[in-house]
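*Asks:* Protein chains in written order, with my numbering: chain G, 111 to 283; chain E, -1 to 161.
I should point out that these hints are in silico values taken from the structure, not numbers from a laboratory. Any given hint might turn out to be false.
What the hints assert, rightly or not - Below, simulated EDC-like cross-link-like pairs (lysine to aspartate or glutamate); rule was C-alpha separation at most 20 Å, straight line: (1) E:K44 with E:E11; (2) G:K265 with G:D128; (3) E:K66 with E:D145; (4) E:K66 with E:E34; (5) E:K87 with E:E3; (6) E:K160 with E:D145; (7) E:K33 with E:D61; (8) G:K190 with E:E113; (9) G:K197 with E:D161; (10) E:K52 with E:D26; (11) E:K160 with G:D271; (12) E:K8 with E:D22; (13) E:K160 with G:D204; (14) G:K206 with G:D268; (15) E:K159 with G:D128; (16) G:K190 with G:D231; (17) G:K197 with E:E135; (18) E:K160 with G:D237; (19) E:K160 with G:E114; (20) E:K79 with E:E55; (21) E:K33 with E:D91; (22) G:K190 with E:E135; (23) E:K121 with E:D61; (24) E:K79 with E:D46; (25) G:K190 with E:D136; (26) E:K159 with G:D237; (27) E:K159 with G:D204; (28) G:K197 with G:D237; (29) E:K160 with G:D231; (30) E:K87 with E:E32; (31) E:K159 with G:D200; (32) E:K79 with E:E3; (33) E:K144 with E:E92; (34) G:K190 with E:D116; (35) G:K206 with E:D161.
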Amino acid sequence: MGLEAKLKEEGFITTTIDAVVAWSRESSVWPMPMGISCCAIEMMATADPKYDMARFGSEVMRFTPRQCDLMIVAGTVTYKMAHVVRKIYDQMPDPKWVIAMGACTSSGGMYRSYNVVQGIDQFLPVDVYLAGCPPRPDNLLNALIQIQDKISKTKARDFQDRKLPELTVLHNN
Amino acid sequence: MNLKELIPQKLQEKFSHVKFEFLDYRGDLSVKFEKEHVVEICRFLKEDSDFQFKLCEDVTAIDWAKRKNRFTVVYHIFSLKHNFRLRLKADVDESDCTIDSVTPVWKTSNWLERETWDMYGIKFNNHPDLRRMYMPEDFQYHPLRKDFPLMGIPGSLPLPKKD
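Start from the sequences and build out the full structure, keeping to the hints where you can.
*Replies:* Written out as structure tokens, the structure reads:
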């Protein structure tokens, strides 16, 4: 970025809080790997050295929603699983984003049937839909870059008034 | 003696009061009988030293939709000793949609019968834990029945609210 040279010359830089916050948010998007079926294999491949999601600051897959900014819903979501996905999404701290990875997640895909949710946008706010069955790792990286573009346009105060949703207890016997 | 001849012979000998139907289709033997006798026949097939059908591979059902006996419960059993598969069938009508559970004979059939109950709504008498296998507990319908629409019944499976 030439930051070092600039700092050496002047000793300071001027910027805005919004720019710094957005830059740091987009450069360290920690994903929540919601790997439900076969798309998860491609998601794992995206994190491996060949495709290397670490280049985009997203190598830290956290298996707890409390530390995540981005939920990658990778796989077929059934009506029974939808409650679990939503519960995990609700536990993630704001600001948060969602990638609907693959045909099943985006639209039900080939599972046009009574038990599969025909698109997770029925119960989750989705930021990026990702085509493919399953999508190639490059495609997931592309989705991540689109999320980063989206984050870079946000301002720090955009999320300040968000209220936590009320968590409902699911009785699943 | 060939097992395909021995099974009909011994079954008819042992259960003279039961009406059997035997069908040899593409090398697989099927035995059909009335549902009241399912447990005793299964126990005999498992415990008889000539047969030893010790493995229950699958319990499922067929929905014939318009036939008089609407459902047929099908058991696939396997004899490890003879490397022989046998199919058992029993008709169940919709008006009395129950059949005795074979869990006292094969413990494996516990989950298989739960699945059949979930998908077809056939009740298994004396089953130790007849809950749904796949669908949510409070679901009202049985999805593999022929009169269940492919896309389900709207509103029968609740989704979380989108805020």
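*Asks:* Hints first: check each against the structure and report whether it holds.
*Replies:* Tested hints:
1. A threshold of 20 Å between alpha carbons decides the hint, and for K44 (chain E) with E11 (chain E) the separation of about 16 Å falls inside it, so the pair holds.
2. Distance hint between K265 (chain G) and D128 (chain G) is fulfilled; the C-alpha atoms sit about 5 Å from each other, no more than 20 Å.
3. Annotation: proposed proximity of K66 (chain E) to D145 (chain E) holds, straight-line Cα distance about 15 Å (limit 20 Å).
4. With a CA separation close to 17 Å, the supplied pair K66 (chain E) and E34 (chain E) stays within the 20 Å bound.
5. Taken as a hint, the K87 (chain E) and E3 (chain E) pair is honoured in the structure, with Cα atoms around 18 Å apart against an allowance of 20 Å.
6. Our distance criterion of 20 Å between C-alpha atoms is broken by K160 (chain E) and D145 (chain E), whose separation comes to about 31 Å.
7. In summary, the hint linking K33 (chain E) to D61 (chain E) is supported, as the alpha carbons are separated by about 16 Å, within the 20 Å threshold.
8. Between the alpha carbons of K190 (chain G) and E113 (chain E) the distance comes to roughly 16 Å, so the proposed pair stays at or under 20 Å and holds.
9. Straight-line distance between C-alpha atoms of K197 (chain G) and D161 (chain E) comes to about 13 Å, which keeps the hinted pair within the 20 Å bound.
10. For the suggested pair K52 (chain E) and D26 (chain E), the alpha carbons sit about 18 Å apart, so the restraint of at most 20 Å is met.
11. Of the pairs offered as hints, the one joining K160 (chain E) and D271 (chain G) holds, with about 18 Å between alpha carbons and a cut-off of 20 Å not exceeded.
12. Straight-line distance between C-alpha atoms of K8 (chain E) and D22 (chain E) comes to about 16 Å, which keeps the hinted pair within the 20 Å bound.
13. A hinted pair counts as satisfied when its Cα atoms are at most 20 Å apart, and K160 (chain E) with D204 (chain G) qualifies at roughly 16 Å.
14. About 12 Å separates the Cα atoms of K206 (chain G) and D268 (chain G), which keeps this hinted pair within 20 Å; it holds.
15. Simply put, K159 (chain E) and D128 (chain G) have alpha-carbon atoms about 32 Å apart, too far for the 20 Å limit, and the pair is violated.
16. As the CA atoms of K190 (chain G) and D231 (chain G) are separated by approximately 16 Å, the hinted pair is consistent with the 20 Å bound.
17. At most 20 Å may separate the alpha-carbon atoms for a hinted pair to count; K197 (chain G) and E135 (chain E) meet this at roughly 19 Å.
18. For the hint linking K160 (chain E) to D237 (chain G), the alpha-carbon distance of about 14 Å falls within 20 Å, and the restraint holds.
19. A threshold of 20 Å between alpha carbons decides the hint, and for K160 (chain E) with E114 (chain G) the separation of about 46 Å lies outside it, so the pair is violated.
20. Only pairs whose Cα atoms come within 20 Å are accepted, and K79 (chain E) paired with E55 (chain E) is accepted, the gap being roughly 15 Å.
21. About 10 Å separates the Cα atoms of K33 (chain E) and D91 (chain E), which keeps this hinted pair within 20 Å; it holds.
22. This hinted pair checks out: K190 (chain G) and E135 (chain E) have alpha carbons roughly 10 Å apart, not beyond 20 Å.
23. Simply put, K121 (chain E) and D61 (chain E) have alpha-carbon atoms about 14 Å apart, close enough for the 20 Å limit, and the pair holds.
24. With a C-alpha separation of about 12 Å, the suggested pair K79 (chain E) and D46 (chain E) falls inside the 20 Å cut-off, and the hint holds.
25. Between K190 (chain G) and D136 (chain E) the CA atoms are separated by roughly 11 Å; this keeps the pair inside 20 Å, and the hint holds.
26. The suggested pairing of K159 (chain E) with D237 (chain G) holds, with an alpha-carbon distance near 17 Å, which does not exceed 20 Å.
27. In summary, the hint linking K159 (chain E) to D204 (chain G) is supported, as the alpha carbons are separated by about 18 Å, within the 20 Å threshold.
28. Distance restraint check for K197 (chain G) and D237 (chain G): the Cα-Cα separation of roughly 18 Å lies within the 20 Å cut-off, and the hinted pair is therefore satisfied.
29. Between the alpha carbons of K160 (chain E) and D231 (chain G) the distance comes to roughly 8 Å, so the proposed pair stays at or under 20 Å and holds.
30. The straight-line distance between the Cα atoms of K87 (chain E) and E32 (chain E) is roughly 8 Å, inside the 20 Å bound, and the hint therefore holds.
31. Distance restraint check for K159 (chain E) and D200 (chain G): the Cα-Cα separation of roughly 11 Å lies within the 20 Å cut-off, and the hinted pair is therefore satisfied.
32. With a C-alpha separation of about 17 Å, the suggested pairing of K79 (chain E) with E3 (chain E) holds against the 20 Å cut-off.
33. Taking the CA atoms of K144 (chain E) and E92 (chain E), the gap is about 13 Å. The hint holds against a cut of 20 Å.
34. About 14 Å separates the Cα atoms of K190 (chain G) and D116 (chain E), which keeps this hinted pair within 20 Å; it holds.
35. Annotation: proposed proximity of K206 (chain G) to D161 (chain E) holds, straight-line Cα distance about 14 Å (limit 20 Å).
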